[in-house]
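So the protein lines, in turn, are chains A and B. Going by our numbering, the first sequence opens with residue 114, and the numbers climb by one from there. Going by our numbering, the second sequence opens with residue 114, and the numbers climb by one from there.
Derived from the structure by calculation, the hints contain no laboratory data.
Any copy will do: because identical chains look the same in the list, a pair fits if it lies in one copy or spans two.
Dumping the calculated DSS-like pairs for lysine-lysine here, alpha-carbon to alpha-carbon at most 30 Å:
1. K179 to K121
2. K179 to K195
3. K230 to K179
4. K230 to K196
In this text, all values refer to a predicted model and were calculated from it rather than measured experimentally.
There are 2 protein chains.
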Amino acid sequence: MIYRDTVKPEWVDYNGHLRDAFYMLLYSLATDAFMDHIGLDDAGRRARQRTLYTLEAHISYLREIKESASVRVETRVVAHDKKRVHLYMEMFEGETAESVSACEQMMMHIDSSGAPKSASFDEDIAARIAAEPTVALKDARYAGRVIGLPVRASSVAAPA
Amino acid sequence: MIYRDTVKPEWVDYNGHLRDAFYMLLYSLATDAFMDHIGLDDAGRRARQRTLYTLEAHISYLREIKESASVRVETRVVAHDKKRVHLYMEMFEGETAESVSACEQMMMHIDSSGAPKSASFDEDIAARIAAEPTVALKDARYAGRVIGLPVRASSVAAPA
Numbered sequence: 114m115i116y117r118d119t120v121k122p123e124w125v126d127y128n129g130h131l132r133d134a135f136y137m138l139l140y141s142l143a144t145d146a147f148m149d150h151i152g153l154d155d156a157g158r159r160a161r162q163r164t165l166y167t168l169e170a171h172i173s174y175l176r177e178i179k180e181s182a183s184v185r186v187e188t189r190v191v192a193h194d195k196k197r198v199h200l201y202m203e204m205f206e207g208e209t210a211e212s213v214s215a216c217e218q219m220m221m222h223i224d225s226s227g228a229p230k231s232a233s234f235d236e237d238i239a240a241r242i243a244a245e246p247t248v249a250l251k252d253a254r255y256a257g258r259v260i261g262l263p264v265r266a267s268s269v270a271a272p273a
Numbered sequence: 114m115i116y117r118d119t120v121k122p123e124w125v126d127y128n129g130h131l132r133d134a135f136y137m138l139l140y141s142l143a144t145d146a147f148m149d150h151i152g153l154d155d156a157g158r159r160a161r162q163r164t165l166y167t168l169e170a171h172i173s174y175l176r177e178i179k180e181s182a183s184v185r186v187e188t189r190v191v192a193h194d195k196k197r198v199h200l201y202m203e204m205f206e207g208e209t210a211e212s213v214s215a216c217e218q219m220m221m222h223i224d225s226s227g228a229p230k231s232a233s234f235d236e237d238i239a240a241r242i243a244a245e246p247t248v249a250l251k252d253a254r255y256a257g258r259v260i261g262l263p264v265r266a267s268s269v270a271a272p273a
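Bound-form chain A, shown alone (with noise of 0.2 Å):
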């Protein structure tokens, strides 16, 4: 699943490069690419009273971006159960091979017919979901990474 978007003037920030949240926002509009791509477009959405909430969000900044920059984001399936997908992406500047950042990101399903509660996929999604392209989660280079500093280097840790 690729999504395709531009840099927009109003996502610049300060450092003169895509502020660090218009990563996400690009990551979210892949999700919204990959929910329309199984079934839980708009419509779908509707009429089954059933949608996708994002749970966790990793990100990892690897290269800047400018204004009007071409962005390509690839969306892969890691793993899934009943209620939850857990979705692997790289973003890429136009057709260039090395990503300019990646995310991981865990996504529940959602019954939205009254309060929001967690629900099984529907069979015919949970198919669309299965046939999606997946990524070996040791393949996703990015992936299952902690935040930290490393322990010699930290304040924390330093003995002096």
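Let chain A serve as the given structure and place chain B on it in line with the hints.
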């Protein structure tokens, strides 16, 4: 360090709640407020030709919030070294004590006088960072997380 804002109508998505990326925007604006506080405000950035870049961010989405909600983001320092600062942030609605979201970020200090490159904090800035409120990693409830499905639930890991 506390940052306050209000959920704008354009930050609400088709689910009727604050879109995942705009939680990240609130954290980004809270980071700006942190920068102002340690001397890397707009004037400081220009005079010193120094700034912060985000290297990595991890967000936990705990509760949904709606348009016009008052938001409070509390930022504390987990650790820092000569060039980096590890922040832990929690977001609350109004004056409630239960967080709606949490975020860790690793920030890198950047010399922006030419092509951006990492640089040691100036001494006065380092002293201000050291004077900010801190939190031990063990007390930062949503820090240090890795995204993943429970192994037994995963369609990838399950034997059948």
